[in-house]
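Student: Take a look at the letters that make up each chain.
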Amino acid sequence: MTAALETRGLAKRFGGLVATRDVSFTLEQGARHALIGPNGAGKTTFVNLLTGVLPASAGRVLLAGEDVTSLSAEARVRRGLVRTFQINQLFGDLTPLETLALAIDEQLGLGGRWSHAVGGDAVVAEITAVAERFGLADVLDSRTDTLPYGKQRLLEIAVAFACKPKVLLLDEPAAGVPEAERRDILDAIAALPVEVSVLLIEHDMDLVFSFARRISVLVDGALLVEGEPEVIAADPRVRAVYLGGNDHG
Amino acid sequence: MWVGQALARRARWRWAEIVFWLAAFAALFLPAGRHLILNEIAILALFALSLDLILGYAGIISLGHAAFLGLGAYAAGLLAKHVTDDPTVGLALATVAAASLGFATSFLVLRGSDLTRLMVTLGVAMLLGELANALPDLTGGADGLQGVTMGPLLGLFEFDLYGRVAYAYSLTTLFVLMLVARAVVYSPFGLSLMAIRRNRLRASALGVPVHKRLIAVYTLAAAFAGAAGALLAQTTAFVSLDFFEFHRSADVLLVLIIGGAGWLYGGILGAVLYEALQDALAAVTPEYWQFWIGLFLVAFVMLGRERLTGGMRGLLARFGR
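Top to bottom, those sequences are chains A and B. Taking the numbering used here, I'd label the letters of the first sequence as residues 1 to 249. Taking the numbering used here, I'd label the letters of the second sequence as residues 1 to 321.
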């Protein structure tokens with residue numbers, strides 16, 4: 001079976017600095033895969049290369065076997081490669097309703113229409129479904145920046161979900177969320193449909209080990225090791241560079 | 001279903017809007033004497049509405065918006081002089097000409113910072129002004145385009161000395177283009193522009209084709225500005241190099257900032273306030289009104305900073321306070 005997402009020899013250099021070195025990585029269909037690594041390991045650069053925010057210096061990115069290396073960020077989104085953002089990058093003075101409508105209109109290919117107001121049965125039905133799935137129905141019409149942080153993080157995932165991802169990159173989805181609201185995020189992530197292949201980029205080891213069935217460790221821009229959670233937790237190199245000896249097995 | 005209703009509410013006509021348009025059209029029946037200035041206000045408002053589409057909604061700042069005003073004015077003026085004196089044909093031609101220029105130059109404003117855009121737009125307007133100056137056989141050069149005479153509007157209404165027909169013409173054009181602008185900003189296209197202005201990277205991560213949308217809105221705004229230029233040329237029966245000048249671009253930016261960018265009526269409100277202020281100051285201190293208007297603007301901008309949306313906010317942050 002073709003991998004959902006694959007990179008071959010992916011590299012990124014900023015002048016003399018090598019941020020990503022020769023990363024060949026495979027995300028299987030329906031994966032629940034986590035990418036971990038210490039600060040400065042190049043996780044963000046790797047995500048930016050995958051999503052097309054940064055052009056790669058070398059190597060290729062394949063989405064469902066199709067080479068997307070030269071495609072723009074938005075073209076990749078339309079092919080089903082969608083990401084969430086680590087720190088809040090939502091449109092603060094728009095409502096969740098508008099934000100979801102925006103994503104859904106683009107998804108349905110209606111984003112360029114100017115002769116009709118935002119709305120329509122298909123869009124309304126989709127917004128309603130997504131809002132209910134992520135527990136946002138009661139806050140849809142409030143300004144996004146007035147929502148509790150947990151709700152904003154849920155909206156972040158909901159918006160990505162509204163783009164109908166085949167591959168979803170979750171960039172630290174629970175970072176900064178108060179303990180009381182954390183459960184909702186974890187539940188939302190756990191309830192993602194099986195046909196969506198998920199790559200979780202995360203610092204939080206509890207989340208990683210509860211979610212992932214496979215883990216890759218990025219160190220210094222290169223893949224150090226990849227394997228099942230028990231293998232990673234037991235790997236002495238990983239413990240040395242990353243886990244600091246704590247037992248997460 | 002309430003989601004559908006909440007979305008529909010965005011585009012709903014507000015009472016204030018309806019009252020405003022009724023009042024604006026009722027002003028046609030005022031006794032003669034104010035229509036010339038009302039006509040000027042309507043044209044300035046249309047020009048500012050055009051700028052609002054790119055600055056207030058898409059976040060593209062421009063210091064050369066007069067390029068489109070000037071091109072529209074010359075297109076309408078030349079058509080009237082050489083081909084037909086039908087005003088509506090001139091209006092249509094000017095709109096198409098300015099839209100073409102907008103499309104062609106939109107590729108220059110897709111990338112780069114606000115500062116780059118200021119320089120590029122300024123440069124385009126200067127180029128066109130100099131081009132008009134260098135072609136005196138066509139444009140009349142520094143003397144301006146003489147001998148522009150207009151036929152009756154729709155073949156029925158002669159332009160009168162008091163500007164009543166002119167005001168009716170400009171106001172109707174403003175109204176129709178406001179309907180277009182309204183449709184645009186409340187549409188999915190308009191929503192995607194608002195997203196681009198707020199966070200371009202984020203918009204593209206939702207699948208918004210940023211460049212395509214910016215090209216479209218820049219072309220549309222240029223068309224609006226071209227229409228304003230045509231109205232100005234036709235209702236004053238004169239076109240000069242001054243139409244391309246920097247002060248035109250700067251004035252319209254000030255008008256939009258006074259009225260507030262990004263809510264459609266900022267251009268109209270700004271145009272009314274700006275003209276009223278200019279009028280009042282000129283009456284009190286004919287020699288020094290520009291001093292007072294400058295002082296007012298400085299005070300206004302310092303106190304009303306939160307009204308400066310999008311590009312202006314970025315600009316202020318860049319240059320410090």
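Please note that the accuracy of each hint is not assured.
List of simulated lysine to any residue pairs, SDA-like, C-alpha gap at most 20 Å [stated by the list, open to error]: (1) K212/B with A11/A; (2) K212/B with G30/A; (3) K212/B with L71/A; (4) K164/A with Y288/B; (5) K212/B with V53/A; (6) K212/B with I87/A; (7) K164/A with L63/B; (8) K212/B with I189/A; (9) K166/A with G30/A; (10) K212/B with S72/A; (11) K212/B with T128/A; (12) K164/A with E181/A; (13) K164/A with H116/A; (14) K164/A with R202/B; (15) K212/B with K166/A.
Hint data in this document are derived by calculation from the structure and do not stem from the laboratory.
Student: Each hint needs a verdict: does it hold in this structure or not?
Tutor: These are the hints, each one checked on the structure:
no. : hint               : result
1   : K212/B with A11/A  : violated (29 Å)
2   : K212/B with G30/A  : violated (33 Å)
3   : K212/B with L71/A  : holds (15 Å)
4   : K164/A with Y288/B : violated (62 Å)
5   : K212/B with V53/A  : holds (17 Å)
6   : K212/B with I87/A  : violated (27 Å)
7   : K164/A with L63/B  : violated (40 Å)
8   : K212/B with I189/A : violated (33 Å)
9   : K166/A with G30/A  : holds (9 Å)
10  : K212/B with S72/A  : holds (12 Å)
11  : K212/B with T128/A : violated (29 Å)
12  : K164/A with E181/A : violated (25 Å)
13  : K164/A with H116/A : violated (23 Å)
14  : K164/A with R202/B : holds (16 Å)
15  : K212/B with K166/A : violated (25 Å)
Of the numbered hints listed earlier, those contradicted by the structure are 1, 2, 4, 6, 7, 8, 11, 12, 13 and 15.
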